[in-house]
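*Asks:* Residue strings, one per chain:
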Amino acid sequence: MAGAAEVVVVGAGVCGLACAQALSAAGLEPLLLERGRGVGGRCATRRIAGQPLDFGVAFLHGRDPDFLATLRAVPASVLEGWPSEIHGTGRPCQPDAFTPGEQRLAYAEGVSVFPKHMARGLAVRVGARVVRLEVTEGALALCLEDGERVEASRTVLALAPEQALELLATLPEPPREVRSAAAVLEMTRSHACLAVLAIYPDDAPRPPWQMSYPETSAVIQLVSHDSSKRPGGSALALVVQGHSAWSRHHLDDPAWPEALLDEAASLHGAWVARPVAVESHRWRFARGDRDAELAAPLWLRLPSGARLGVAGDRFAPGGGVEAAWLSGRRLAERILRETRA
Amino acid sequence: MSDDPLRALVHRQHDHECEGFGAARVCVKVVAVADLPTRFGRFRIVAFWNNRDAKEHVAMVLGDVVGASSVPVRLHSECLTGDVMGSLRCDCRDQLVEGLAAIQRHERGVLLYLRQEGRGIGLVNKIRAYALQEQGLDTVEANLALGFRDDERDYAVAAHMLHSLDVRSVRLITNNPDKLRQLTQHRVAVVDRIPHVIPPNEFNRFYLETKAQRSGHYIDFGGNPRLVEQSDPPVVEGVPEDPGGTPA
Chain A
1239 MAGAAEVVVV GAGVCGLACA QALSAAGLEP LLLERGRGVG GRCATRRIAG
1289 QPLDFGVAFL HGRDPDFLAT LRAVPASVLE GWPSEIHGTG RPCQPDAFTP
1339 GEQRLAYAEG VSVFPKHMAR GLAVRVGARV VRLEVTEGAL ALCLEDGERV
1389 EASRTVLALA PEQALELLAT LPEPPREVRS AAAVLEMTRS HACLAVLAIY
1439 PDDAPRPPWQ MSYPETSAVI QLVSHDSSKR PGGSALALVV QGHSAWSRHH
1489 LDDPAWPEAL LDEAASLHGA WVARPVAVES HRWRFARGDR DAELAAPLWL
1539 RLPSGARLGV AGDRFAPGGG VEAAWLSGRR LAERILRETR A
Chain B
111 MSDDPLRALV HRQHDHECEG FGAARVCVKV VAVADLPTRF GRFRIVAFWN
161 NRDAKEHVAM VLGDVVGASS VPVRLHSECL TGDVMGSLRC DCRDQLVEGL
211 AAIQRHERGV LLYLRQEGRG IGLVNKIRAY ALQEQGLDTV EANLALGFRD
261 DERDYAVAAH MLHSLDVRSV RLITNNPDKL RQLTQHRVAV VDRIPHVIPP
311 NEFNRFYLET KAQRSGHYID FGGNPRLVEQ SDPPVVEGVP EDPGGTPA
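Chains A and B supply the protein sequences, listed in that same order.
Just so we're aligned: the first sequence equals residues 1239 to 1579 in my numbering.
Just so we're aligned: the second sequence equals residues 111 to 358 in my numbering.
No lab work stands behind these hints: they were computed from the structure.
From a predicted model like this one, the values you see are computed outputs, not experimental measurements.
We put the beta carbon where it would ideally sit given N, CA and C, even for glycine.
One should not assume that every hint holds.
[Claimed, not checked] Computed Cβ-Cβ distance ranges for the label pairs, DEER-style:
1) B:A133 x A:E1323: 32 to 42 Å
2) B:R152 x A:R1528: 33 to 43 Å
3) B:S180 x A:E1323: 53 to 63 Å
4) A:E1323 x B:G196: 49 to 59 Å
5) A:T1454 x B:N311: 52 to 62 Å
6) B:H273 x A:G1507: 54 to 64 Å
7) A:A1311 x B:H273: 29 to 39 Å
[What the hints assert, rightly or not] To list a few chain A residues with every Cβ distance to chain B over 12 Å, as calculated:
8) P1446
9) S1472
10) A1508
Given the sequences, and given the hints that come with them, work out the whole structure.
*Replies:* In structure tokens:
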């Protein structure tokens, strides 16, 4: 039994971090519980052959002035306008990413510098997987995988809708508010995305583009020329991401990394299928679509008096990292309004 | 050039650009004007262009309003299900028809038809809200997440539209005093409020049956609580005001 935090945020992705950061800035002491080894969720960077490769979010974009200022305040090499060299006319993951007024950027050090910077000064427990919720008097008990219980009068679920649903389903005799939240979450399912990270030999041709959205492939959503974020000495590195329907069908097919690379080779040349180093990642809950977009985060008052919030990239207009960040902040504002009142 | 003051606005505003209204800094201009005889009277329809989205807002205009003061004005938010399909889940069609009729009675006025519903995926989420109701779930929170709340952009766009029409001051047809305040914030001179009273008819007779009020909400013919979509509590002739059926 751990001590009670003022607010417990489950999930240290961009939404959970933005929420906790705003609460912390107002003097509260939120505790973040993250099941993974690090913060950032889909703002994920993995080091291969010395290079930090972005295998989830390939670049950041948005138009909210506060969000953009936050991105630019990260102490890292900001690549303004990346990607500017686009190959192909296929649809980007976020349809708004290249519309007028939208600003794009990346970091040479990898996108995870953004969530890591946000996490500075916050209480984050990594490797803490919440498996069950229980109602106690005036609070919720978050039961962790290792048997520990963390109690909180105010809990925020900053997870993929499917993961939030799974946790809500563990509440015995869910009250009307929870059933309502579950029904809303049911309306906003996630797309899957299979990703391959590949490093190439020195004689591999350098693609003249930074990002490719093939218009003809039913397999590949994008190929990101990730090493172009670090011009100069680094070896050629590509990240290939699959379309949502294809990814969903191949989640449990062990041959999917080869299939993805073969398709990339058919689009960009046979050499693409012959990397010197390759890794892969399955994003079960990669992103939402515009039809899964909701207007605002949920902030529920349970009959026991406990408060339960649900936020994430679906809970603000526009989708993507910007929406995750905005929804986290917006939920924090609601929590703070209530705290002051 | 035209000596019709409405048509003249099209020419005068063709290169209009300003810093915009409200948080979204929306800027609109009059781009087309035509006669529109309707079953509710002979109106003119004024089409607006805006710099923020593809929503084509319109104004239904009766009589001389350009440069005029004390013009009766009604704000109506688009409701495909109610306005067009005649849905009985909301009051929108009654409110729209009565708005046009009120302007007709005053022999002058403007009804701003705001294409708010399609904002984002407004219609999809409204149908989702109906689906939630059918499961017996109608909490305020779910409606908020689905976008069911007053949106101050309504007033920003509406205020700019009134400025574009060069309406000097308005008599606002509404039951929502908050709308007066919001419009005033956007520099619209509101000199008066005209109550928006819907005449009773066979489709809104449930308002007359006070027992239809359950937990502060009016119940529609399908047994569902009615969502207030016009941010204007319905007032039906001969019925006390809504006990509090505003969801947000």
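*Asks:* Next step is simple, just say for each hint if it's right about the structure.
*Replies:* Hint by hint, here is what the structure shows:
Separation of A133 (chain B) from E1323 (chain A) is about 34 Å and conforms to the stated range, judged on CB atoms against 32 to 42 Å. Checked against the hint of 33 to 43 Å, the pair R152 (chain B) and R1528 (chain A) passes, with Cβ atoms roughly 40 Å apart. Here the CB-CB span from S180 (chain B) to E1323 (chain A) is close to 59 Å, well matched to the stated 53 to 63 Å. At about 53 Å, the CB distance of E1323 (chain A) to G196 (chain B) agrees with the hint of 49 to 59 Å.
For T1454 (chain A) and N311 (chain B), the Cβ-Cβ distance of about 57 Å falls inside the hinted range of 52 to 62 Å, so the restraint holds. For the hinted restraint 54 to 64 Å between H273 (chain B) and G1507 (chain A), the CB-CB distance of approximately 58 Å keeps it satisfied. The given range of 29 to 39 Å is respected by A1311 (chain A) and H273 (chain B), whose C-beta atoms sit roughly 37 Å from each other. For P1446 (chain A), the condition that its CB be more than 12 Å from all CB atoms of chain B holds, with the nearest at approximately 34 Å.
No beta-carbon of chain B is positioned within 12 Å of the beta-carbon of S1472 (chain A); the least distance is around 40 Å. For A1508 (chain A), the requirement that its beta carbon stay farther than 12 Å from each beta carbon of chain B is met, with the minimum near 43 Å.
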